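Engineer: Take a look at the letters that make up each chain.
There are 2 protein chains.
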Amino acid sequence: MERDLIAKIQRLAGAQIKDPSVLVGIGDDCAVVAPSPDRHLIITTDTLVESIHFDLDYFDPWHLGRKTAAVNLSDAGAMGGNPRWAFLNLAVRPGMTDRFWDSFSKGLISRLSEYGVSLVGGDTVSAPDRLSLSLTLIGEVKKGKWLSRGHAQPDDLIYCSGNLGEAAAGLELLRKYKEKRSPFKGQKGAHGISRAVLKRLVSKHLDPEPRVTLGQALAAKGMVQTAIDVSDGIATDLAHVCKNSKVGAEVWAREMPVSRALKKTSGILGILPLDLALTGGEDFELLWTVSEKNESEVQKIAAKILGYRPFRIGKIVQGDRVILKTSQGAKDITYQGYEHYI
Amino acid sequence: MERDLIAKIQRLAGAQIKDPSVLVGIGDDCAVVAPSPDRHLIITTDTLVESIHFDLDYFDPWHLGRKTAAVNLSDAGAMGGNPRWAFLNLAVRPGMTDRFWDSFSKGLISRLSEYGVSLVGGDTVSAPDRLSLSLTLIGEVKKGKWLSRGHAQPDDLIYCSGNLGEAAAGLELLRKYKEKRSPFKGQKGAHGISRAVLKRLVSKHLDPEPRVTLGQALAAKGMVQTAIDVSDGIATDLAHVCKNSKVGAEVWAREMPVSRALKKTSGILGILPLDLALTGGEDFELLWTVSEKNESEVQKIAAKILGYRPFRIGKIVQGDRVILKTSQGAKDITYQGYEHYI
Chain W
2 MERDLIAKIQ
12 RLAGAQIKDP
22 SVLVGIGDDC
32 AVVAPSPDRH
42 LIITTDTLVE
52 SIHFDLDYFD
62 PWHLGRKTAA
72 VNLSDAGAMG
82 GNPRWAFLNL
92 AVRPGMTDRF
102 WDSFSKGLIS
112 RLSEYGVSLV
122 GGDTVSAPDR
132 LSLSLTLIGE
142 VKKGKWLSRG
152 HAQPDDLIYC
162 SGNLGEAAAG
172 LELLRKYKEK
182 RSPFKGQKGA
192 HGISRAVLKR
202 LVSKHLDPEP
212 RVTLGQALAA
222 KGMVQTAIDV
232 SDGIATDLAH
242 VCKNSKVGAE
252 VWAREMPVSR
262 ALKKTSGILG
272 ILPLDLALTG
282 GEDFELLWTV
292 SEKNESEVQK
302 IAAKILGYRP
312 FRIGKIVQGD
322 RVILKTSQGA
332 KDITYQGYEH
342 YI
Chain A
2 MERDLIAKIQ
12 RLAGAQIKDP
22 SVLVGIGDDC
32 AVVAPSPDRH
42 LIITTDTLVE
52 SIHFDLDYFD
62 PWHLGRKTAA
72 VNLSDAGAMG
82 GNPRWAFLNL
92 AVRPGMTDRF
102 WDSFSKGLIS
112 RLSEYGVSLV
122 GGDTVSAPDR
132 LSLSLTLIGE
142 VKKGKWLSRG
152 HAQPDDLIYC
162 SGNLGEAAAG
172 LELLRKYKEK
182 RSPFKGQKGA
192 HGISRAVLKR
202 LVSKHLDPEP
212 RVTLGQALAA
222 KGMVQTAIDV
232 SDGIATDLAH
242 VCKNSKVGAE
252 VWAREMPVSR
262 ALKKTSGILG
272 ILPLDLALTG
282 GEDFELLWTV
292 SEKNESEVQK
302 IAAKILGYRP
312 FRIGKIVQGD
322 RVILKTSQGA
332 KDITYQGYEH
342 YI
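Those protein sequence lines, which keep their order, are chains W and A.
Start counting at 1 in the first sequence, then tack on 1, and there's your number in this note's numbering.
Start counting at 1 in the second sequence, then tack on 1, and there's your number in this note's numbering.
Calculated from the structure, these hints are not laboratory results.
One or more of the hints may lead you astray.
One copy or any two copies: either way a pair holds, since identical chains are not told apart in the list.
Unchecked claim - Heads up, simulated EDC-like pairs for lysine to aspartate or glutamate below, C-alpha to C-alpha not over 20 Å straight-line:
1. Lys144 - Asp39
2. Lys247 - Asp5
3. Lys200 - Asp61
4. Lys143 - Asp39
All values derive from a computational prediction rather than experimental measurement.
Model the full structure from these sequences, guided by the hints.
Structural biologist: This is the structure:
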């Protein structure tokens with residue numbers, strides 16, 4: 002079965018694209034690829050474990066494949082890099098069907114293909130109890146032109162590419178109504194939330210949009226040096242930036258990008274929209290810092306790609322804490338985000 | 002604790018070597034490395050799952066770290082490549098101590114360091130029940146100069162770098178005497194095998210020697226194009242070569258490198274040494290094919306690195322099967338090796 006599964010993935014991956022940079026793909030001791038001249042390599046890897054990061058009660062295999070790709074693509078985007086080659090490690094538990102793997106592989110490859118990434122290797126092993134998925138992504142970036150977490154400076158403004166907290170709300174809804182994809186059925190469920198709102202929030206969790214093109218554009222102009230993707234909630238992700246840059250940050254509650262969809266579900270979920278926006282993980286929006294001098298130019302670049310103006314949510318300050326500023330006062334939220342590692 | 006564990010690994014990895022090719026290490030969205038000019042990249046990745054690939058009853062963390070590195074280094078060696086950067090994905094189950102991770106990380110880094118490999122990234126997540134470890138290794142090879150599974154030709158001779166079946170015997174012994182490392186205690190155990198024999202076989206399983214230098218030397222001279230490392234037993238590994246090269250192979254029972262140590266344990270284990278040598282996994286010896294014309298020159302190159310003459314164990318033939326030739330006749334052993342994926 003190992004050989005069957007590898008052959009299946011190999012077939013689907015091979016059909017996908019003819020990538021002249023892939024000299025040896027799946028099926029040898031190593032993959033061999035030809036990097037472009039004058040580039041640095043960027044590498045990222047993420048592991049998703051069943052019942053920790055996803056649950057097959059609500060995650061269909063096609064979306065799981067797409068998300069496995071997206072979480073890594075998002076990291077490549079946060080470096081401003083061009084993702085090129087992917088490697089998939091599967092630990093397969095008993096009871097998984099051919100149909101599952103067919104759908105998973107197609108989902109994975111569909112997301113990778115959008116960014117010209119070829120699946121060229123990996124490893125498939127058995128696991129006694131739980132499915133586990135690791136994807137590793139290698140990409141390229143012009144020499145010295147990557148974004149990092151480490152160059153934010155006091156008075157830089159903090160920007161965000163989209164609404165926050167929606168993926169966390171989507172996950173809560175999925176967990177609440179575990180019948181697979183049932184929230185999509187009918188005009189309104191027993192929960193009283195419209196189909197459109199449900200779909201929006203649930204999609205943000207199942208199928209987040211990695212901000213690869215945006216990250217590349219920000220890096221290209223050289224006016225942004227610091228970025229991170231929002232995977233653990235900005236309270237934690239901004240704390241990472243602060244630590245690496247040796248600065249503090251203040252976040253403005255009134256500027257937080259909270260969608261109407263999020264507000265509508267907050268009553269049902271019993272969680273304040275602002276809390277979800279600050280601490281909810283997996284939105285995979287891009288967060289970056291920019292000097293006042295470059296602000297309007299960078300805003301234009303981002304708006305052109307996003308189709309709307311990015312959100313200015315705070316600024317970098319002296320210190321080492323992440324502080325939330327509200328009309329009632331200030332609150333330390335450093336590392337208060339969601340962490341997968343329990 | 003995720004942050005604590007990452008910080009620990011980061012500290013140990015950072016202390017290891019100052020590698021000027023590492024521009025961004027552990028602690029950003031991606032690692033950034035500078036590849037050498039005029040090289041192709043080789044990439045390999047392997048996953049080890051607790052209770053499938055190892056058992057903490059007999060695997061101490063330091064050796065587990067070394068083996069996690071070795072299985073990937075072995076793949077890099079089988080391509081004739083120069084491994085350079087490593088990425089570690091950990092799925093950590095409850096109940097694992099700081100001391101375990103300290104020892105594991107030191108073991109891992111000790112093996113990587115022997116080949117100048119820097120640990121520059123990864124991912125750490127929690128798992129409900131079982132420890133799972135994936136290592137990904139990126140290396141370099143001179144443009145077009147890698148070894149593959151796909152260039153064996155009829156009449157090529159098949160060579161092997163060392164004794165086969167010892168790792169499988171070592172694993173059987175470890176499973177039989179699960180008291181941690183107890184086989185090393187005393188001059189002779191209840192099992193009647195000498196300490197030296199036990200240590201040799203058990204070490205072959207716990208701490209296999211990846212044939213990186215040998216693979217590089219074989220690739221450098223251009224007289225060898227086809228190689229594979231013995232991870233699933235030569236019955237299966239040779240079948241991979243046959244499939245990729247569109248050839249068959251015959252293996253000579255009388256030439257099989259079976260050590261005296263292996264013979265001594267065979268009675269206790271109740272498995273014939275030849276069967277262990279053909280189907281036992283994880284010896285991580287290098288297997289290669291060479292034309293008659295280049296045979297003696299390549300033999301010399303290998304002997305210089307190994308300190309003994311490599312073993313000529315068979316030859317490539319027309320067809321698509323792996324055939325064992327014995328004094329009693331011939332037997333099809335295609336894909337009869339050990340497979341981790343159950």
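Engineer: Which hint numbers does the structure go against, in order from smallest to largest?
Structural biologist: none
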